[in-house]
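The task is simple: from the sequences and hints, build the whole structure.
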Amino acid sequence: MNNAPSSVVSARKLGLTFETGDGPVHALSNVDLTVNKGDFVSFIGPSGCGKTTFLRVIADLEKATSGEITVNGMTPEEARKSRSYGYVFQAPALYPWRTIEKNIALPLEIMGYSATDRKARIERTLDLVNLAGFGKKYPWQLSGGMQQRASIARALAFDADLLLMDEPFGALDEIVRDHLNEQLLKLWARTQKTICFVTHSIPEAVYLSTRIVVMSPRPGRVTDVIDSTLPKERPLEIRETPEFLEIAHRVREGLRAGHSYEE
Amino acid sequence: MTVFLRSWQGAVALILCLAAFASLPLLAADAPAPFGTGTLLLIFLMIAGTALISFAGISPSLLSTILFVVAHLAAWLLLAGIAGNEGKATLAFFLMVTASWLIAWRCVAVLSGIHAKSAAGSTFLRLLIPAIFGAWILIIWEAITRGFGIPFILLPPPSAIGARLAGSVPILWADVQQTIFKAVLFGYVVGCASGFVVAILADRFAFLRRGLIPIGNMVSALPIIGVAPIMVMWFGFDWQSKAAVVIVMTFFPMLVNTVVGLTASGAMERDLMRSYASGYWQTLAKLRLPAAMPFIFNALKINSTLALIGAIVAEFFGTPIVGMGFRISTEIGRMNVDMVWAEIAVAALTGSVFYGVVALAERATTFWHPSNRGG
Numbered sequence: 000m001n002n003a004p005s006s007v008v009s010a011r012k013l014g015l016t017f018e019t020g021d022g023p024v025h026a027l028s029n030v031d032l033t034v035n036k037g038d039f040v041s042f043i044g045p046s047g048c049g050k051t052t053f054l055r056v057i058a059d060l061e062k063a064t065s066g067e068i069t070v071n072g073m074t075p076e077e078a079r080k081s082r083s084y085g086y087v088f089q090a091p092a093l094y095p096w097r098t099i100e101k102n103i104a105l106p107l108e109i110m111g112y113s114a115t116d117r118k119a120r121i122e123r124t125l126d127l128v129n130l131a132g133f134g135k136k137y138p139w140q141l142s143g144g145m146q147q148r149a150s151i152a153r154a155l156a157f158d159a160d161l162l163l164m165d166e167p168f169g170a171l172d173e174i175v176r177d178h179l180n181e182q183l184l185k186l187w188a189r190t191q192k193t194i195c196f197v198t199h200s201i202p203e204a205v206y207l208s209t210r211i212v213v214m215s216p217r218p219g220r221v222t223d224v225i226d227s228t229l230p231k232e233r234p235l236e237i238r239e240t241p242e243f244l245e246i247a248h249r250v251r252e253g254l255r256a257g258h259s260y261e262e
Numbered sequence: 000m001t002v003f004l005r006s007w008q009g010a011v012a013l014i015l016c017l018a019a020f021a022s023l024p025l026l027a028a029d030a031p032a033p034f035g036t037g038t039l040l041l042i043f044l045m046i047a048g049t050a051l052i053s054f055a056g057i058s059p060s061l062l063s064t065i066l067f068v069v070a071h072l073a074a075w076l077l078l079a080g081i082a083g084n085e086g087k088a089t090l091a092f093f094l095m096v097t098a099s100w101l102i103a104w105r106c107v108a109v110l111s112g113i114h115a116k117s118a119a120g121s122t123f124l125r126l127l128i129p130a131i132f133g134a135w136i137l138i139i140w141e142a143i144t145r146g147f148g149i150p151f152i153l154l155p156p157p158s159a160i161g162a163r164l165a166g167s168v169p170i171l172w173a174d175v176q177q178t179i180f181k182a183v184l185f186g187y188v189v190g191c192a193s194g195f196v197v198a199i200l201a202d203r204f205a206f207l208r209r210g211l212i213p214i215g216n217m218v219s220a221l222p223i224i225g226v227a228p229i230m231v232m233w234f235g236f237d238w239q240s241k242a243a244v245v246i247v248m249t250f251f252p253m254l255v256n257t258v259v260g261l262t263a264s265g266a267m268e269r270d271l272m273r274s275y276a277s278g279y280w281q282t283l284a285k286l287r288l289p290a291a292m293p294f295i296f297n298a299l300k301i302n303s304t305l306a307l308i309g310a311i312v313a314e315f316f317g318t319p320i321v322g323m324g325f326r327i328s329t330e331i332g333r334m335n336v337d338m339v340w341a342e343i344a345v346a347a348l349t350g351s352v353f354y355g356v357v358a359l360a361e362r363a364t365t366f367w368h369p370s371n372r373g374g
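The listed protein sequences derive, respectively, from chains C and X.
Using numbering that gives the first Met the number 0, the first residue of the first sequence is number 0, and each one after it goes up by one.
Using numbering that gives the first Met the number 0, the first residue of the second sequence is number 0, and each one after it goes up by one.
Worth flagging that the hints you see were computed from the coordinates, not collected in a lab.
Keep in mind that this is a model prediction, so the values were computed, not measured.
Hints should not be assumed to be uniformly reliable.
[Said to hold, decoys possible] Partial list, derived from the structure: chain X residues whose beta carbon lies under 7 Å from chain C: (1) E85; (2) T89; (3) S274; (4) A276; (5) Q281.
[Stated by the list, open to error] What follows is a set of in silico ranges between Cβ atoms, one per label pair, in the way DEER data are often shown: (6) X:A284 - C:L235: 39 to 45 Å; (7) C:K118 - X:A284: 19 to 25 Å; (8) C:R11 - X:R208: 39 to 45 Å.
Glycine included, every Cβ here is placed at the ideal spot set by N, Cα and C.
What follows is the structure, encoded as C-alpha cells:
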C-alpha cells in the first residue's frame, strides 16, 4: 500500500452492504477518503447516510464488504487489536458499578497498565476534561454533560492518537453542547490527536472541524469534502463571522444536493 | 367530624368499651378464676382514657408512647386474666381485646407519620412498626385460641409454642445443625456454585447453550421434590441425600438466571470492550458478570427459600433421628403440635435470617442498580 506516513485513515472504494429480510441495504458505497494525522474531520449527513457505519468500520465494529481501508497503515482489526483508537459513543456508556476513576481505569486495566501509571493517567485525563475532584463519584451522581466528559476522558486515558466520536453531544442541550465543543477544541489542541467526529449539526461540524465530510443516504456515500478555512484558534463568537457562515452554507448546499425528497 | 377523623380508632375503641361495659363480665359465670374488680376497672379506665387522649393534639412521640404502653399493658392484663379460664371468654372480653388492638393501630398510625431526624431514629421506627404489627398477630392469635378454647391439636396458642421452644432448645439446635448447617448450606453452596459454573460454560460454548438450556427449563418445571426418595436411595439416610435434593433444586434457577443475566449488558457496553480488544474472560469479569449480578442475586434469593423447603421435605422420606423435617413428621404423629409449631417458627426464623443475609449482600453488591440507588 502506498500510504503516506501522515495518513491515519485511508479508505478506497469502501462499501458495506447489510443483508436484511427486505433485501440488501447499501449502508456505504464507493467511499474514498483520507484522514491525515492531526486532522479534525467531521462526518455530517442525514440519518441513514452511513456516517456512523463508516466510523464503526474504522473501529472494526463492522466489517466492510468491499473496497479497502487502512487504519494507521493496518487493517481495522489489527488496528483495534493494537488499541490504536479511543471510541466515544452516543451515550456515555459508563459502568454504573464503577466510580468515574474506575471507569477511566477500565481500558487501562484491560491493556495492562501498572497501578501507578493508571493513577497518573486518571488524574491527567480528569484534569483534561475539567472533572478533577469528581473521580470518586458514581456516574449516576453526575449530570449528562459530565458523564459524557468522563467518557471522553476514558477514551483519552490510553495511548491512542486517533479519537472516534459518534455524536457524543447529540443528547445534550444546546448550552452544554456549546461549552463541550469549546472544551473539545482546546483538548484537541493540547493532545494533538486525530479526531473523527460524527454529527448532524451543521454549526457543530463547521465550528470544530478542519475538514467536513458531507454524506448522503441510499446508498451511503460521500458527496462533498470541505476544507475549513477557519483559523485553528476558534472562540465561540467565530460562529457569527461571514467566513463561518459561508462554510456552513456550503455544507448545507452539499446536504441538500445529496438529499432526495422522494420519500 | 374532624375531631373524629383525627383518631377514628379512638372513637371506635370508646364505643367498644361502652358495649363491653354493657355486656360484662369478661368471663362466663362458671370461670374458675374471674377478673378482679380492680383489674377490670384498670383495663377499662386505661383504654377509655387513652382513646380520649388520642383526640388531643399532643406531640406525636408522647402520644405514641402512651398508646404503645396502654395497648400492650391492657392486652397483657386481658391475656393474663384468661389463663386457667380457657374457653370461658365472653363477648365483652373480645370487645376489649379489639379495643386495645385499635389503640395499638392508632399507635402504629401515629408512628408512621413521624419523620425521624436521626438515622438511628428512623432505623428504630422502621423496626418498631413491623414489630408492633407482628406482636398483635400473636396477641390476637393468643386471645382467640385461649378465649374460645380452641383444641390444642388444631392450633396451640403462641405462648404454648413459645414455652415449648424455650424448653426444647437442645433438640431444636441439633435439628438446625442437621438440617440447616449440613444439608441446606452444603446443598445451597454446591447447587448455586455449580449452576453458576455451568452457566458460564454454556455461555462460552454455544453447543451447551443450545442443548442444555432448553432441557434445563424443562427439568426446572418438574416437581423436583419428587426426586427426594430417589436421592435417599442413592445417598443414604443422612444429610447427604438432603443436600443432594437441595443441589438439584437450586441448580436450575441459578443456571437459568445467570445465563439470562449474562446477556443483560448493553450492545454499546460490549462494543466498548471490543474497541479495547478485550478478551472473553476480561469482558466477562469486568462487564458481563457485574451486569448479571442483579439476576444472580435473584437466583440466590429464590434458592435460599427453595433450599430450606427441599431439605425439610426431603427428610420426610427417611432420616436419622434428628433434623427439622424428621421432627415435624414424627411430632405431628405423636400429636405434639406445639413442637411442630416450634420447629416451624425456627424454620421461619432461620429462613428469614438466610434471606436477609443474601439480601444484605445484594444491597452491598448491586448498590448501583437503579432499584437500589436511592439518591
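Now the hints, each set against the structure:
Interface hint at E85 (chain X): violated, since its Cβ lies 58 Å from the closest Cβ of chain C, which is beyond the 7 Å cut-off. Interface restraint check: T89 (chain X) against chain C, minimum CB-CB distance 61 Å, threshold 7 Å, status violated. Hint status for S274 (chain X) relative to chain C: holds, with the closest Cβ pair at about 4 Å, below 7 Å. With its C-beta approaching chain C no nearer than about 5 Å, A276 (chain X) sits inside the 7 Å limit, and its interface hint holds.
Annotation: interface hint on Q281 (chain X) holds; nearest CB of chain C at approximately 5 Å, less than 7 Å. The given range of 39 to 45 Å is respected by A284 (chain X) and L235 (chain C), whose C-beta atoms sit roughly 43 Å from each other. Distance hint check for K118 (chain C) and A284 (chain X): the Cβ-Cβ separation is about 21 Å, which falls inside the suggested range of 19 to 25 Å. Taken as a hint, the range 39 to 45 Å holds for the pair R11 (chain C) and R208 (chain X), whose Cβ atoms sit roughly 40 Å apart.
When each numbered hint is compared with the structure, violations occur for hints 1 and 2.
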